[in-house]
Amino acid sequence: MIGKGILKGMVETARNMVGSFHDPERMVTVEYPEQKIPAKESARNFPMLIFDGDDWESGLRCVSCQICEKECPPQCIYIEKDTEKKPDFLGKPQFKPKVFDIDISVCMSCQICVEVCPFESIRMNREFEYAGENRFSRLILHKEDLAKSNTYYHDIHPTEATETDGVREQKRQDHLAKERAKAEKAAQAKKAAAEKAAKEEQETASK
Amino acid sequence: MWFEDLLISLKQQIVMIAPEHFRPVFSAMLSTIPILSAFGGLFAVITLVERKMLGRIQNRYGPNRVGPGGIFQPIADGIKMLTKEDIIPFSANQFLHLIAPLLLLVTAMLGLAVIPFGHKLVAVEFEAGILFFFAIGGAAELAVFIAGWASRNKYALLGSLRAIAQMISYEIPLVLSSVAVLMAAGSLSLPEVVEAQAGGIQSWYIWTPWGFLGCILFLIATLAEVNRSPFDIPEAESELIAGHMTEYSGFKYAIFFLAEFVAMFAMCALTATLFLGGFHAPLPILDFIPGPFWLFAKLILLVLLFIWIRGTMPRLRADQLMEFAWKFMLPMSVMNLVTTGVWISLGGGVFAWVVGAVMNAGAYFGWSRLLSQSSRVKPRVYRYAEETKANV
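Chains as they are written, first to last, in the working numbering: chain A, 250 to 456; chain B, -2 to 389.
Certain hints may be false.
Capping the alpha-carbon separation at 25 angstroms, the derived lysine-lysine pairs in BS3-like fashion look like this [claimed, not checked]:
no., chain 1, residue 1, chain 2, residue 2
1, A, K427, A, K439
2, B, K375, A, K253
3, A, K285, B, K324
4, B, K77, A, K257
5, A, K253, B, K324
6, A, K335, A, K345
7, B, K386, A, K257
By construction, these hints were calculated from the structure, which means they are not laboratory data. Bear in mind that the values here come from a model prediction, so they are computed numbers and not experimental data.
Bound conformation, chain A alone (with noise of 0.2 angstroms):
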């Protein structure tokens, strides 16, 4: 029979129209602006500088190694080397970066950065609402821009960001270590040293 079909179709949306408005199981609408889904760990959008600490400029862990820059397969990074060295967490001196550009309109997300990164300090950020009114006014973060602190990171990724901080404390204990076997090689040395010396002296003596 023609129509029985269209007549059940019919029955099936007008069900829809009226639970829509008694059954907010229906309405699975996010309205986005003003309700936002919460973001899960694994999101990530554009990348971000970390820094420990309270201030971001001396905190900073990049050393502007452009291992990145160099890496980054749209190279939307930019990096200018300081001209001084300054020291990072091991007390090592090191270059902080002077410039730290990326350009976001360019930037496709992919993430080698974050991997190529012997010094843990690029790492993906989740945040996405970087739309500007023009083209050239927000869409090239600098440093300042970059600059997270440790514990947002935290925050945002916390599973990564333990992950992270057990790598370096390990690069610390094993700095540690090896400053420590560098003293105590040294201190041997002096002491042989000093022991070479008193027996030369008591050889001279005695003669």
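Since chain A is already given, all that's left is putting chain B on it; use the hints.
Just chain B, lined up with the frame of chain A:
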């Protein structure tokens, strides 16, 4: 009655202000301006209601950004359409390109002239009002063709031809199903058709077997006539480029939609007039509420039904559309005429009702069975492959 009388006397008073030579023109303006502004306003409201309702049918909210609950969306749409660039193709016929949407709008609005909005409340009282309505509706096809032709674009031209083929095909069942009403009312004049349905809901023509079938056929043909879903293959925004509107932009494009909506309102008003008692109240007690209110209530209910149908049905393919018009609608509307003739010769009453119902229902079930048998999907036979296999 009192409301209509009040309006008419008010109009007569106002006409007296004008100098004597201008009185006919002034009177005509006073009749047309309220109708045009009412339907223009209704267009704005219905566009929003349509989007809201379609959204609800699909479990969405629909537009809710502009103003509280999105009520200023039509204004925003209008501003957007006005500020868009109006492109006229270089090789298009400039004059025809401009005139086509206007002609379509004028034909849609002229149809409203013969609709009785209340007792004696009709802009132009024709003896053959319905004939005028359909004749003017036929001019819409001309406007569509002009739009396609003047664009000088082969897609626009093909689209307009497709639209015209559809509109002409569905005009036949449209007119034939309304002829049943004219036979019963014995007049071509719409106010008289309405008067024949006076006296409450039970005297509306939709409760007769021929009226019921006629109303359904009329509504289906109306859907096709004004390019509404599921017959919106002329525009088919998700499949084809916009048919005869391909080369239109800005406010001319909006005028096409305005014309489409006004034509839909006019058709719905005609449906209400022919089958749903026009401006009469469903119960005689409610007669103190003015007639225009009832007509608009019925019209809006029909429009809501159209929106509901749009939210439900998928679009028909062009060949299915033609098949439906010629193989189903046309025989059914002719059968409906026969039933009407039998009804009238039996003089109405219960016996006539039963005979009419049996005739129409029998025709419907029998014919739909026959049709579905003839078009039943058969297992695919790969004739050439089978033959080659047999020969080898």
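Verification of the hints:
1. With a C-alpha separation of about 18 angstroms, the suggested pair A/K427 and A/K439 falls inside the 25 angstroms cut-off, and the hint holds.
2. Our distance criterion of 25 angstroms between C-alpha atoms is met by B/K375 and A/K253, whose separation comes to about 21 angstroms.
3. A distance of roughly 53 angstroms separates the Cα atoms of A/K285 and B/K324; the hinted pair therefore is violated under the 25 angstroms criterion.
4. Proximity of B/K77 to A/K257 is assessed by CA-CA distance (about 38 angstroms); at most 25 angstroms being required, the pair is judged violated.
5. Only pairs whose Cα atoms come within 25 angstroms are accepted, and A/K253 paired with B/K324 is accepted, the gap being roughly 18 angstroms.
6. Distance restraint check for A/K335 and A/K345: the Cα-Cα separation of roughly 7 angstroms lies within the 25 angstroms cut-off, and the hinted pair is therefore satisfied.
7. Using a Cα cut-off of 25 angstroms, the hinted pair B/K386 and A/K257 is violated, with the two alpha carbons roughly 45 angstroms apart.
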